[in-house]
Amino acid sequence: MSRFPYLETGQTAADRVLRTALRGAATVVFLILCCLPGLTLAGCEKNDGAASPEERAETANDVLRVDLNIYNPGTIPSGIGEPNQVSAELADAWHATRNGPRIRYQPLIQTGASEGEWLKTQLLGGVAPEIIHMNAEIAWPDVGKGWYVPLDPFLERPNPYVEGNKRWLDLFRNQALVNAKRAPDGQLYCIPLDIVETGIYYNKDLLAQAGITAFPETWREMEEVLGRFKAMNLIPMTSGGNLGSDWGQDIIFEMLYHDILPELDLAPSRPDAEGYLGHYLEPREAGFLFTKGFFSTRDPRWREMNRLLLEWRGYWARELKNSDPIRLFLTGRLATLWDGSWFIRRLATDPYVDFEWGVAYIPTITQETSPYASGTPATVIGGAAIQLHVTNSAVLNDNLEDCIDYLMYLTAPQNIERLASESLVYIPNIRGAEMDPRLEPFNEIFQRRYCSIKWLESFDGEYKKYWRRMLDYYLNGGVEVDEFLVMLENNFAEWVEAHRGEPGWDFGPLETAWKQKEADLVRELEPAR
Amino acid sequence: MNLNRHDSASPAEYEAARPVARRRRPAGQPPLALIYGLLLAPAAFLITFNYIPALSSLYHAFTEWDIGGDSTWTGLANFRALAGDPVFHKSIVNVTKLGVFAFATHLTVPFIVAEMIFHLKSERWSYFCRVAVVLPMIVPGVVTFMLWNFMYSDAGILTELLMRLGLHDWVRGWLSDPKTALWAVAFVGFPFAGGFNILIYYAGLANIPGSVLEAAELDGLGALGRIVRMHIPLVLQQVKLLVVMTMIGVVNGFESIYILTMDGGPGYETTVPGLYMYLNGFSYQRMGLACAIGLLMLLFLLAFTVTLNRFMRTGDYEPET
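Chains as they are written, first to last, in the numbering used here: chain A, -3 to 525; chain B, 131 to 451.
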């Protein structure tokens, strides 16, 4: 063998070095690929999800993992302005005060349209952050699994960070809202830190150009105003995605059914939540009432609701799903935008907004518009925003008391006030916490009653998806109202059939309540004269 | 030793010498074990993530199966359900319309563009044009769909253009209106001068021997005659390839519809079998039914390809001897 083989092969020394390096790299890649299945299997081995005792001790002593969602440090609410930093400052201050663990903010992975599978795996393994935000209703099916800590015993204690407070629970501004977040087992698993609301943002300059001095108060007046905007080649009104049709049917439903809701509410809500929930219809109640003819082709109010919704849609953006409403509103092509309180931040901080704007709410449907109108103000779409749960990790890591103390610290008025003022998206649900004056219109809206049903949220799985799909089809002229009502009725029937007999879907007590009110309620299924 | 069989070495000498030469690895070539070893890992992944799921879906097409649960053998129940499913029927109608449109546009426009490039006298311009038509291919498809989504929106260029031209009545929700939604989806990619198809055609045209082109010129064949009577018959192999690939793309593809309409709406106006398969599998948890749709799509594509190969005769140019 030659001492210089590359001379024989015509290779240069550099070629040879390169080839050797490539071969080595390929071998390493190959070995990694070979090891991957083994490593994967090792990762999938049965695991109780708990860290070793040493790791646990270290975690418990050193760190609390917290997800505050929109308030996490570094978050830029509504995608505009400076990133949040108050939560980081509060964490440092709490650590200094308590001399306990440090707070490490750990935002939950947002998995879009998924059903929270990622978080469930974390909770199942006992490795989720100790404090997380999620809607209470999402946690309810899992509260029996020990994934969330019931907070009632702690809420009975005084909050040491609020002078004179004897009971932490009393600190919450809207007690009915707090009680409405109690799980079906009656226990409270979350701290409803603040409140989110929707409102109609309107361009005052465009209103003036249309010769309108004040935002309309009745549905009829609103239609007239929207008609003027349309004549000006503006988009009169819209909202993001499918929200307009989703919120819209709940709002109209309430205003048409308001007078008979006390009768329809066959299973009243908890008395301590009644102030917020009013005559809220649970899915089971809606299903039962359907079997008696309500919310079907026999129900004249149901037809009226869908008729009004279609009429209203005539003033919305042409594209319901991808209308890009924020761009349209900010560039003066959209006169009114129905959106959440979070939009305030964009309007308030965007230096390029060159028009006057205001916030109003959905006008009232009166008898001028529909014979079924109750004339009561439109109800609230919204409710609790950030809902903080303490997870099983706090118990496993033996730092439950620290978690509770940190939550008490956050809910002290002076602290939640700082968080809310910096983010400018939600209203604090804490007594004594002052809100940014720019959020004041939402405070007024929140004095209204909560809507009596969230229709699409009441349905589930493919029934919900089908309703949403067909609603979209109907509102875009795909089918006439009669055909749409038949579609809804068939979907409703299948949904009821799929759930009837499930736990919590016992129609027995509802049947008893129905018999007492039957004569009055059946009369309501006759068309109005 | 000389290994040329036609030389004077005896067969015995040749055979004795050959194995030694075969065993000897040319300098610089990696050992065979490394080559096969490197192939082993990708092959394992290919089998695990492509072949096993595909074979599994063949079985599950005959079962009722929710993800995470056990599957139950139901025989042809899924296929019977599909036979009576109006949404599936609608999806077939939709994909047929999209297919006809795709064949009409994705096969003809690239051919015209390829012809134009082929007829350029300057090699430099020809090269520039080829690069120009290929360059857009580096933009990810999702970005393209998002751009079209924006173009169709109320704030988009299409609406703006029509409004500025005073054509207010023409403006509509292109993706929301049941009458226009499917065609709005079909028009994504306009003017359909897709780089890949052009390159395939161009390669076919460039492969035509110069002598044939010269002969056509000497025979006085005009430009149109050359295209119709000579170019098209000689690129039929490429046409066949593109027909198969377009059909696969039309039948299997639903990403543009998913991005533009989210769910194949309004109603089911833009739902195609691929999307319906996805929705059944991952939204409605009816994995068995989804597998059945997948199997039907596979069988259709197989039948189409076999039929095309059997009945669409193509032949490369072979000079007469």
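If you're looking for bench data, these hints aren't it; they were derived computationally from the structure.
Since the structure is predicted, the reported quantities are computational estimates derived from the model, not experimental observations.
Every residue gets a Cβ at the ideal spot worked out from N, C-alpha and C, and that includes glycine.
Some hints here could point you the wrong way.
As the list claims (entries may be wrong) - According to the in silico footprint, chain A covers these stretches of chain B (three or more CB under 8 Å from chain A):
| id | stretch |
| --- | --- |
| 1 | 291 to 301 |
| 2 | 393 to 406 |
To be verified - As a list, the in silico SDA-like pairs of lysine to any residue whose alpha-carbon atoms are at most 25 Å apart:
| id | chain 1 | residue 1 | chain 2 | residue 2 |
| --- | --- | --- | --- | --- |
| 3 | B | 309 | A | 479 |
| 4 | A | 226 | A | 473 |
| 5 | A | 288 | A | 473 |
| 6 | A | 460 | A | 443 |
| 7 | B | 309 | A | 256 |
| 8 | A | 116 | A | 68 |
| 9 | B | 220 | A | 116 |
| 10 | B | 309 | A | 116 |
Here is what the structure says about each hint:
1. Here the stretch 291 to 301 of chain B counts 3 residues with a CB under 8 Å from a CB of chain A, which clears the bar of 3, and the coverage holds.
2. Look at the stretch 393 to 406 of chain B against chain A: 6 of its residues bring a Cβ nearer than 8 Å to a Cβ of that chain, three or more, so the hint holds.
3. Of the supplied pair hints, the one linking residue 309(B) and residue 479(A) holds, its CA atoms being roughly 18 Å apart against a limit of 25 Å.
4. Annotation: proposed proximity of residue 226(A) to residue 473(A) holds, straight-line Cα distance about 19 Å (limit 25 Å).
5. Straight-line distance between C-alpha atoms of residue 288(A) and residue 473(A) comes to about 30 Å, which puts the hinted pair past the 25 Å bound.
6. For the hint linking residue 460(A) to residue 443(A), the alpha-carbon distance of about 30 Å lies beyond 25 Å, and the restraint is violated.
7. For the proposed pair residue 309(B) and residue 256(A), the alpha carbon gap of about 40 Å is over 25 Å, so the pair is violated.
8. About 21 Å separates the Cα atoms of residue 116(A) and residue 68(A), which keeps this hinted pair within 25 Å; it holds.
9. Between residue 220(B) and residue 116(A) the alpha-carbon distance is near 37 Å, which puts this suggested pair outside the 25 Å criterion.
10. Restraint check: the Cα-Cα separation between residue 309(B) and residue 116(A) comes to about 42 Å, which exceeds 25 Å; the hinted pair is violated.
Violated hints, in rising order: 5, 6, 7, 9 and 10; the structure is consistent with all others.
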